[in-house]
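As they're listed, the protein sequences go chains A and B.
583 is the number that my numbering gives the last residue of the first sequence; the numbers go up by one with no jumps.
583 is the number that my numbering gives the last residue of the second sequence; the numbers go up by one with no jumps.
It is worth saying that the hints were derived from the structure and are not from the lab.
Quick caveat, the model's predicted, so the values are computed rather than measured.
Be aware that one or more of the hints could be misleading.
It does not matter which identical chain is used: a pair holds within one copy or between any two.
Taking lysine to aspartate or glutamate and the DMTMM-like style, the derived pairs with C-alpha atoms no more than 20 angstroms apart in a straight line are [what the hints assert, rightly or not]:
| no. | residue 1 | residue 2 |
| --- | --- | --- |
| 1 | Lys467 | Glu270 |
| 2 | Lys137 | Glu167 |
| 3 | Lys137 | Asp105 |
| 4 | Lys508 | Asp65 |
There are 2 protein chains.
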Amino acid sequence: MPSLRIALCQVDVVVGALDSNVDLLLSALDEANQADCDLAVFPELAICGYPPEDLVYKRAFVEDNRAALASVAAATADCAAIVGYVDADPNNPDVLLNAAAICANGEVKGVYFKQGLPNYDVFDEKRYFTPGTELPLWSIAGVTVGVTICEDMWIEDTPCVPMADGGAQMIVNINASPYHQDKIEQRNEILDALVAKTGTAFVYLNLVGAQDELVFDGASVVIDSSGKKVARAGQFVEHVHVADFQVAEPKEITLPVHEVTSRTSPSRSDLPPKLVPLLPPLHEIWEALVTGCRDYVYNNGFTDICFGLSGGIDSAVTAAIAADALGPRHVHAVMMPSRFSSDHSVSDSEVLCHNLGISSQIIPIEPAHQAFLEMLDPSFHGSEPGLTEENLQSRIRGVTLMALANFNRWLVLTTGNKSELAVGYSTLYGDTAGAFAVIKDAWKTQVYALAEDYNKRAGRLVIPEGIITKAPSAELRPDQRDDQSLPPYDKLDPLLKELVENNKTASELVADGYDLETTQRIARLVDIAEFKRRQSPLGTRITARAFGRDRRMPITNLYRGAAGRDEAPRRF
Amino acid sequence: MPSLRIALCQVDVVVGALDSNVDLLLSALDEANQADCDLAVFPELAICGYPPEDLVYKRAFVEDNRAALASVAAATADCAAIVGYVDADPNNPDVLLNAAAICANGEVKGVYFKQGLPNYDVFDEKRYFTPGTELPLWSIAGVTVGVTICEDMWIEDTPCVPMADGGAQMIVNINASPYHQDKIEQRNEILDALVAKTGTAFVYLNLVGAQDELVFDGASVVIDSSGKKVARAGQFVEHVHVADFQVAEPKEITLPVHEVTSRTSPSRSDLPPKLVPLLPPLHEIWEALVTGCRDYVYNNGFTDICFGLSGGIDSAVTAAIAADALGPRHVHAVMMPSRFSSDHSVSDSEVLCHNLGISSQIIPIEPAHQAFLEMLDPSFHGSEPGLTEENLQSRIRGVTLMALANFNRWLVLTTGNKSELAVGYSTLYGDTAGAFAVIKDAWKTQVYALAEDYNKRAGRLVIPEGIITKAPSAELRPDQRDDQSLPPYDKLDPLLKELVENNKTASELVADGYDLETTQRIARLVDIAEFKRRQSPLGTRITARAFGRDRRMPITNLYRGAAGRDEAPRRF
Numbered sequence: 012m013p014s015l016r017i018a019l020c021q022v023d024v025v026v027g028a029l030d031s032n033v034d035l036l037l038s039a040l041d042e043a044n045q046a047d048c049d050l051a052v053f054p055e056l057a058i059c060g061y062p063p064e065d066l067v068y069k070r071a072f073v074e075d076n077r078a079a080l081a082s083v084a085a086a087t088a089d090c091a092a093i094v095g096y097v098d099a100d101p102n103n104p105d106v107l108l109n110a111a112a113i114c115a116n117g118e119v120k121g122v123y124f125k126q127g128l129p130n131y132d133v134f135d136e137k138r139y140f141t142p143g144t145e146l147p148l149w150s151i152a153g154v155t156v157g158v159t160i161c162e163d164m165w166i167e168d169t170p171c172v173p174m175a176d177g178g179a180q181m182i183v184n185i186n187a188s189p190y191h192q193d194k195i196e197q198r199n200e201i202l203d204a205l206v207a208k209t210g211t212a213f214v215y216l217n218l219v220g221a222q223d224e225l226v227f228d229g230a231s232v233v234i235d236s237s238g239k240k241v242a243r244a245g246q247f248v249e250h251v252h253v254a255d256f257q258v259a260e261p262k263e264i265t266l267p268v269h270e271v272t273s274r275t276s277p278s279r280s281d282l283p284p285k286l287v288p289l290l291p292p293l294h295e296i297w298e299a300l301v302t303g304c305r306d307y308v309y310n311n312g313f314t315d316i317c318f319g320l321s322g323g324i325d326s327a328v329t330a331a332i333a334a335d336a337l338g339p340r341h342v343h344a345v346m347m348p349s350r351f352s353s354d355h356s357v358s359d360s361e362v363l364c365h366n367l368g369i370s371s372q373i374i375p376i377e378p379a380h381q382a383f384l385e386m387l388d389p390s391f392h393g394s395e396p397g398l399t400e401e402n403l404q405s406r407i408r409g410v411t412l413m414a415l416a417n418f419n420r421w422l423v424l425t426t427g428n429k430s431e432l433a434v435g436y437s438t439l440y441g442d443t444a445g446a447f448a449v450i451k452d453a454w455k456t457q458v459y460a461l462a463e464d465y466n467k468r469a470g471r472l473v474i475p476e477g478i479i480t481k482a483p484s485a486e487l488r489p490d491q492r493d494d495q496s497l498p499p500y501d502k503l504d505p506l507l508k509e510l511v512e513n514n515k516t517a518s519e520l521v522a523d524g525y526d527l528e529t530t531q532r533i534a535r536l537v538d539i540a541e542f543k544r545r546q547s548p549l550g551t552r553i554t555a556r557a558f559g560r561d562r563r564m565p566i567t568n569l570y571r572g573a574a575g576r577d578e579a580p581r582r583f
Numbered sequence: 012m013p014s015l016r017i018a019l020c021q022v023d024v025v026v027g028a029l030d031s032n033v034d035l036l037l038s039a040l041d042e043a044n045q046a047d048c049d050l051a052v053f054p055e056l057a058i059c060g061y062p063p064e065d066l067v068y069k070r071a072f073v074e075d076n077r078a079a080l081a082s083v084a085a086a087t088a089d090c091a092a093i094v095g096y097v098d099a100d101p102n103n104p105d106v107l108l109n110a111a112a113i114c115a116n117g118e119v120k121g122v123y124f125k126q127g128l129p130n131y132d133v134f135d136e137k138r139y140f141t142p143g144t145e146l147p148l149w150s151i152a153g154v155t156v157g158v159t160i161c162e163d164m165w166i167e168d169t170p171c172v173p174m175a176d177g178g179a180q181m182i183v184n185i186n187a188s189p190y191h192q193d194k195i196e197q198r199n200e201i202l203d204a205l206v207a208k209t210g211t212a213f214v215y216l217n218l219v220g221a222q223d224e225l226v227f228d229g230a231s232v233v234i235d236s237s238g239k240k241v242a243r244a245g246q247f248v249e250h251v252h253v254a255d256f257q258v259a260e261p262k263e264i265t266l267p268v269h270e271v272t273s274r275t276s277p278s279r280s281d282l283p284p285k286l287v288p289l290l291p292p293l294h295e296i297w298e299a300l301v302t303g304c305r306d307y308v309y310n311n312g313f314t315d316i317c318f319g320l321s322g323g324i325d326s327a328v329t330a331a332i333a334a335d336a337l338g339p340r341h342v343h344a345v346m347m348p349s350r351f352s353s354d355h356s357v358s359d360s361e362v363l364c365h366n367l368g369i370s371s372q373i374i375p376i377e378p379a380h381q382a383f384l385e386m387l388d389p390s391f392h393g394s395e396p397g398l399t400e401e402n403l404q405s406r407i408r409g410v411t412l413m414a415l416a417n418f419n420r421w422l423v424l425t426t427g428n429k430s431e432l433a434v435g436y437s438t439l440y441g442d443t444a445g446a447f448a449v450i451k452d453a454w455k456t457q458v459y460a461l462a463e464d465y466n467k468r469a470g471r472l473v474i475p476e477g478i479i480t481k482a483p484s485a486e487l488r489p490d491q492r493d494d495q496s497l498p499p500y501d502k503l504d505p506l507l508k509e510l511v512e513n514n515k516t517a518s519e520l521v522a523d524g525y526d527l528e529t530t531q532r533i534a535r536l537v538d539i540a541e542f543k544r545r546q547s548p549l550g551t552r553i554t555a556r557a558f559g560r561d562r563r564m565p566i567t568n569l570y571r572g573a574a575g576r577d578e579a580p581r582r583f
């Protein structure tokens with residue numbers, strides 16, 4: 012059986028960074044050539060980054076990305092390269108295609124256009140692209156190869172099957188496949204089923220790194236035609252993973268085949284199979300959050316971050332992730348006690364900062380707190396400000412952090428979790444003020460699990476036990492605790508998952524046995540918090556239904572999904 | 012020739028308000044029956060409001076909307092009704108269709124499914140719906156009618172043509188067609204071309220009112236088969252407009268026709284044609300902004316708003332729009348002078364409030380300004396805070412407005428214009444803090460034009476001349492003027508239009524003769540302000556390319572579209 016040597020070029024390209032993306036691709040190509048590879052495989056839209064969104068509406072951007080592709084193709088030699096980019100119909104520049112160029116010996120030998128265009132969840136590809144229809148095959152180092160792109164593998168009428176039936180000995184699928192929990196299992200099921208159905212080897216190549224709220228996990232794999240995994244690259248790490256594997260015998264060829272390279276397998280001894288082990292679930296999520304934070308901060312031109320350290324679990328986990336992502340000396344904790352803060356909040360926080368090796372400063376907010384109360388006193392007409400005063404403290408902290416960030420050119424991280432974001436248990440322009448929300452897609456119960464797993468991996472209580480065991484509290488009034496306003500999180504989170512991730516209504520959940528009053532109240536909180544979420548910063552998506560581009564709810568929304576009439580609009 | 016009496020039911024339904032939407036439809040249906048109409052026409056997705064976005068992923072929502080449709084159908088008598096709603100495939104509840112029910116005599120006589128699904132600009136209909144394929148015709152009071160939905164009229168292979176060829180004497184097109192400047196001319200061109208091509212009368216029915224950033228202008232029309240407009244409803248007003256018109260003689264029928272009603276035209280004298288005149292362009296924009304503001308405030312459960320009144324043109328125009336939308340006694344101006352505010356800012360503002368009849372209060376921000384400088388002094392290490400202090404003042408105002416809003420249950424309006432939003436000439440959590448940005452899609456030069464037109468229509472200087480003629484300034488440091496940081500607005504706005512609305516790059520514009528340094532600088536400001544825009548409130552869309560769902564740019568974006576290399580990502 013013929014043997015092929017493939018370089019899985021799992022690179023962290025950045026949206027719009029055409030020049031440096033080309034540099035990255037050329038460097039990986041160089042490694043592939045040094046390793047005597049037959050084929051180097053790069054991610055979907057590797058030239059321009061994924062997803063480029065409305066940038067593709069700029070004609071100059073599409074032209075620049077095509078010029079960038081040409082410069083990568085020009086650098087290829089006898090090792091073929093498969094490279095994703097945006098193409099445009101030469102007869103109509105408004106017709107755009109998600110394309111894979113098959114390059115060798117200094118030129119583009121041919122192009123495949125993506126057929127399955129996802130337009131659900133976080134995807135908007137029908138907004139941008141026209142689907143391809145052709146089924147070309149490619150002859151690379153004597154092996155007949157089918158090239159496909161991402162969704163092509165997932166759709167019912169996948170082009171993989173006719174390509175295999177038409178003579179492909181191997182299918183390459185290049186991806187920018189966003190991570191979420193359990194995604195890797197879904198992918199493996201699809202791949203295993205396709206290998207079984209087609210009897211064809213698969214090369215699955217995925218992007219790595221993060222782009223705004225999406226994070227890409229890499230974990231590229233090669234599966235031989237018997238269904239055996241013969242190579243797997245790491246998760247959330249950028250590298251060129253070289254793998255040898257035996258391709259199945261040639262089949263009868265009934266589709267057009269384009270000659271790419273004619274080199275015959277050089278006499279070389281096969282490399283031993285190298286399968287990087289998969290991370291355990293909580294560690295995988297942690298690395299996703301670290302990668303999302305690091306790429307957002309760096310790719311937006313920052314090196315340092317600050318955040319409000321409250322003594323609670325959310326800001327502690329955020330601090331630990333930021334320290335992993337950027338290095339402890341780039342992480343600046345700010346403690347901003349108010350007249351209602353507890354003493355142990357500050358002492359626990361100091362231990363955490365010491366353990367993480369991050370800097371901290373204390374800025375009591377009393378002077379501004381007092382000044383605002385005096386400024387606003389005539390407008391409060393002698394009434395107790397109540398919730399207004401709680402929000403005021405949170406906003407003073409937001410202003411303080413932003414001033415430090417402006418002055419030092421730091422980026423502000425927010426520390427809210429998905430449970431809070433769901434019910435709007437936060438102050439807009441207060442604790443939601445910041446550029447990036449590190450754990451916004453982690454439920455509160457999951458934040459605890461992440462903290463415990465982190466301590467376990469560290470082999471010591473980096474996050475002090477007092478932070479993990481104290482009752483959750485915003486500390487915005489005396490003796491405040493979250494469970495005075497909300498059900499306990501182990502009850503709340505499952506309910507929120509049903510409402511947010513499974514699109515259930517209160518009526519349906521009550522029929523399923525959930526408590527009527529609680530369910531209707533929480534469902535309503537989720538709906539009316541949409542205006543807060545829309546102005547909150549983005550953060551890394553780690554679930555199959557995250558707040559953000561994944562869940563597009565109207566702000567103005569009078570549907571209650573509950574017994575009784577929907578709320579009527581006001582009419583005057 | 013047969014005469015038909017039609018009720019153009021231009022209603023302001025609200026997303027999710029199923030019960031009250033039904034009430035509204037029943038009330039309009041009642042009017043239509045009282046007026047002895049043959050047909051009452053309602054907007055696209057009238058049952059659930061438009062656009063329902065991801066609400067349609069809730070199965071219970073789709074079921075509830077179908078039950079609501081059934082209750083409207085049950086109330087129909089001999090006057091047929093065409094009503095938009097969301098349907099689901101009975102064999103697969105995940106397959107959703109944008110549908111029009113044709114109802115009469117207490118039941119749904121049949122359904123048409125939208126074929127053209129827009130998935131560009133503000134539209135995501137391919138995310139939700141499966142296109143219809145059938146071409147049914149309907150016999151209503153002896154007239155053969157084709158029913159279509161919105162985009163069906165705009166697409167190249169419009170179903171209107173085969174319906175007319177197949178025997179339709181009249182085409183009804185129900186819409187939720189979002190407003191932008193010049194949209195009505197585009198619509199008229201399409202309609203005129205279709206009437207000319209098909210020789211068929213058209214009933215164009217549009218939604219009225221606003222939903223989040225979209226505003227719908229109504230302006231429903233009836234055009235007879237000779238191309239003559241025989242009825243037009245008003246813009247931005249909710250009403251039932253009844254029109255009689257002569258339908259062309261029956262044609263040969265080759266498509267299936269479903270019997271809806273068999274009534275013959277009663278003996279009645281025709282109503283005189285009533286065409287509500289179109290508004291002049293600036294007045295039209297004004298009414299769009301008033302409608303957008305009113306529906307956002309009311310439909311989110313508020314009656315009163317507050318805003319920061321600075322003495323500049325933006326907050327003055329915002330105040331006037333809010334007073335028109337909500338009534339002056341529901342509009343609360345807050346003047347928050349700092350140590351750098353000019354005296355005439357306060358005196359001009361007081362005249363404006365008097366002229367508009369709105370309340371005002373003055374809260375000097377010096378106490379909080381001083382408190383923050385003291386709190387932050389150790390962190391500034393003796394340096395001058397500079398831009399940090401400018402942002403600080405703006406954020407203190409944001410906190411003050413939010414405290415008043417929280418305390419009084421007011422909604423905060425922001426006052427920024429499109430030019431500022433484009434270049435990021437604003438302070439996040441400062442002047443961008445608020446729920447709704449009334450003039451966010453109006454260029455600065457357009458804000459001046461709106462102010463002058465408003466004064467002209469009022470016949471007096473409601474907005475004082477001093478506010479219109481003073482040099483634009485943020486007043487955040489001594490003698491600050493916008494033109495110290497930005498080109499004058501009459502130069503800036505055309506450049507921004509090219510960059511933002513026409514997707515041009517700096518390189519292309521320099522080739523077109525724009526100044527190199529200015530163009531590259533402004534283009535870069537537009538790109539890096541994306542993170543601010545993403546956390547800014549929504550506001551009414553009045554152009555064909557608004558910031559918001561209409562323009563989906565990545566925040567992390569290293570493309571510069573300028574000479575030289577793109578910025579490289581940071582790597583450590």
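Report the numbers of all earlier hints that the structure fails to satisfy, in ascending order. Going through the list in order, the structure violates hint 1 alone and respects the others.
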